[in-house]
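Engineer: Assemble chain F onto chain D, guided by the hints.
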Amino acid sequence: MSNLAIQVCGLGKQYHIGHSRQSYTTFRETLIDVFAGPVRRARSLIRGQATGAAELDETFWALKDVSFEVQHGETLGIIGHNGAGKSTLLKILSRITEPTEGYVDIYGRVGAMLEVGTGFHPELTGRENIYLNGAILGMTRADIHRQFDAIVDFAGVEKFIDTPIKHYSSGMALRLGFSVAAHLEPEILIVDEVLAVGDAEFQKKCLGKMGEVAGEGRTVLFVSHNMAAVMNLCEKSLHLRAGQIVHYGSTKDVVEAYVSQSDEVPGSNLESRMDRRGNGRFRFYRFAMRNTAGEFVPTLISGEDAEFLAFFRGERPLNMKSVQVSMKVVSVWGERLFTVYNGFSGDTFEGNLEAGVFVCHVPKLPLAPGRYTVSLWSALGHDEIDWITDCASFDVVAGDYYGTGKAPDIQTHGAMLLPHHWSLSVAEHERQ
Amino acid sequence: MKPAVETLPQTPVVAKDAYHLRIQPTRGWSALRLGEVWEYRELLYFLTWRDIKVRYKQTVLGAAWAILQPFFTMVVFSLFFGRLADIPSDGVPYPIFSYTALVPWTFFAYGLTQSSNSLVVSANMIKKIYFPRLIVPVASVLSGVVDFALAFLVLLGMMLVFGVLPTAKIILLPYLLLLALITSLGVGLWLSALNVQFRDIRYTIPFLTQFWMFCTPIAYPSSLIQNDTLRLLYGINPMTGVVEGFRWALLNTDTAPGPMLVLSSVVAVLLLVSGILVFRRLEKTFADVV
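Just so you know, the protein sequences line up as chains D and F, in that order. If you read the first sequence in my numbering, its first letter stands for residue 1, the second for the next number, and so on. If you read the second sequence in my numbering, its first letter stands for residue 1001, the second for the next number, and so on.
Isolated chain D, as found in the complex (with noise of 0.2 angstroms):
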């Protein structure tokens, strides 16, 4: 008991999602809406069914029940699909915002780290962006005077120092960020993904860094979809789905069963996603894959045809013409592995449809035997229409992807399979 950083007791946080009757596809619906709106609105208001001028209508737990401890000294890695919960559990943690019930004890100074230069300013230098983000992240004036050359060389930014940061790259300036964050010290340091950012180098500089303070017996939560980080870094893990912890214990343990978990087929209905975004003109309400054959599949064979669908339908018949549709693919480690998007390939549809599906058809599918990770997305022009990320999970088995009978192992050759071929020729220059 005497070492404990964090309880956690009996956790929730209930959110209102305010639900816009329909898209604006139209002037004059848009018009209409302006002088409908604000009736509406009162009208509602008036019911006591909202509380603000967004329609709030529907409300959702994102994090219900969720209890643990962290003692002193561990690292704790939270991980879990898009919308589980997790970032609603560090903003709590982080006191960002207040749950709905439960309540968190904490023995420490807190550290948060949800995004990288927070309230960093286009129009102030380098320096002066320093004092401000550490003042921001709770950083004296005198701990940042002393950190201040080692911020500087972590960044690698002494050149631009007195630049505004304007003129930064965008790498240049996360790397400022997260440099000043890195040079926090606080008891308990909390962690968003911000690992996700910056080029391989940074990144890996910036997991030395977590490392280091992980080293050090202070405690870290560290939230990642980067599963070799977490499994790096973190004793201990946490999974949370839906907003309920589902595993709890050892990292090992935990990142086995969240890759091996088999409840979340594909086929997965799409309708009760709350975590979408874009104006829902239509709406994803189903994922589903085919074989070869044209029969639907829970699970694809390595190097065989595969169709994936992607079922919709909205309220009103929508001209398609100019509609996009793209699917990302991710490796269960968090690796994006590639997108498919007919502006890529140049299709487009056609046809007034209010509900359809997408299918995009995949000639000898370039994925070594594992379990992968889906996200779809739709846009009209620069509106997007819906995006679910982490929309379902599908499973490929091995096969003969390059007609030798010889399957590629994920872990150590990696996901891709690329047709090619091998040579040999006498390299006739080097003889002279």
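It is worth saying that the hints were derived from the structure and are not from the lab. Treat the hints with care, as some may be off.
Think about it this way: if two alpha-carbon atoms lie no more than 30 angstroms apart in a straight line, the pair counts; the simulated DSS-like pairs of lysine-lysine are [claimed, not checked]:
#, chain 1, residue 1, chain 2, residue 2
1, D, K236, F, K1127
2, D, K166, F, K1053
3, D, K166, D, K236
4, D, K252, D, K64
5, F, K1053, D, K159
6, F, K1284, D, K64
7, D, K252, D, K321
8, D, K328, F, K1127
9, D, K166, F, K1057
Sample of chain F residues lacking proximity to chain D, with all beta carbon distances greater than 12 angstroms (derived) [unchecked claim]:
#, residue
10, I1023
11, Y1040
12, Y1045
13, K1057
14, D1086
15, P1093
16, V1146
17, L1208
18, F1211
19, Y1220
Heads up, the beta-carbon is just placed ideally off N, CA and C, and yes, glycines get one too.
Structural biologist: For chain F alone, kept in the frame of chain D given last:
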């Protein structure tokens, strides 16, 4: 939004220098907790400093804007109200009469506008990091002090030109400035907190400041009101006390604002306290709604 935080007495189970924080839902009205703002005073300093620093970046005239705005308003007022409408000015030249009022007024209106929009402008910070949210509107109001100082220098210059000598009453100026600041912040707190939920506020602010300006004796003297009781009641608008106070202290007008100033001060403090309470009440929803 902000969790309830109690710093409990240290218990033997935790290390000596450790502190304990409890995060739990709060209901209803919460305490003012101004001590926390004091703890974060360095952040307040840096945010104010940032607002000042960034204010006139990428403008050609730079800080001259701080002077041009009240100055040209004064020119327009002098032409139309002073010359054409021949409005009385308590025995001092009309230009300096109106400018003396415009300097604190500009400070007030700027603080009101900036602080009302401050939370929405800082939405990203509010969603990503915890700090006492009160700091955001306070920094916005404070950053106007530099503009005030510049405009005030011009006022001193004008006093030289018009041969108006200040008296010992000038020592009351800091108090009057504080009164303008409190009023500005009080209203700013109300509006900034409401603006998070209802963006309608943003569109009412220009209208509100304009309306308020005409309700304040800037282009005209409060001595136009003959009835003494009514004139006193005019002080319910705290800016009346501020503006008449400025004239009284600097221009030596005989509109000694004594009781009016007391009334104005009371109203200003009420605005501030109620503003903080409302702000605290709505604070916990900021990160979710903004």
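Engineer: Now, for every hint given, state plainly whether the structure supports it.
Structural biologist: Against the structure, the hints:
{"no.": "1", "hint": "D:K236 to F:K1127", "verdict": "holds (28 angstroms)"}
{"no.": "2", "hint": "D:K166 to F:K1053", "verdict": "holds (15 angstroms)"}
{"no.": "3", "hint": "D:K166 to D:K236", "verdict": "violated (40 angstroms)"}
{"no.": "4", "hint": "D:K252 to D:K64", "verdict": "holds (25 angstroms)"}
{"no.": "5", "hint": "F:K1053 to D:K159", "verdict": "holds (22 angstroms)"}
{"no.": "6", "hint": "F:K1284 to D:K64", "verdict": "holds (19 angstroms)"}
{"no.": "7", "hint": "D:K252 to D:K321", "verdict": "violated (48 angstroms)"}
{"no.": "8", "hint": "D:K328 to F:K1127", "verdict": "holds (27 angstroms)"}
{"no.": "9", "hint": "D:K166 to F:K1057", "verdict": "holds (12 angstroms)"}
{"no.": "10", "hint": "I1023", "verdict": "violated (4 angstroms)"}
{"no.": "11", "hint": "Y1040", "verdict": "violated (8 angstroms)"}
{"no.": "12", "hint": "Y1045", "verdict": "violated (8 angstroms)"}
{"no.": "13", "hint": "K1057", "verdict": "violated (4 angstroms)"}
{"no.": "14", "hint": "D1086", "verdict": "holds (44 angstroms)"}
{"no.": "15", "hint": "P1093", "verdict": "holds (40 angstroms)"}
{"no.": "16", "hint": "V1146", "verdict": "holds (16 angstroms)"}
{"no.": "17", "hint": "L1208", "verdict": "holds (18 angstroms)"}
{"no.": "18", "hint": "F1211", "verdict": "holds (22 angstroms)"}
{"no.": "19", "hint": "Y1220", "verdict": "holds (37 angstroms)"}
Against the hints set out earlier in the document, violations occur for numbers 3, 7, 10, 11, 12 and 13.
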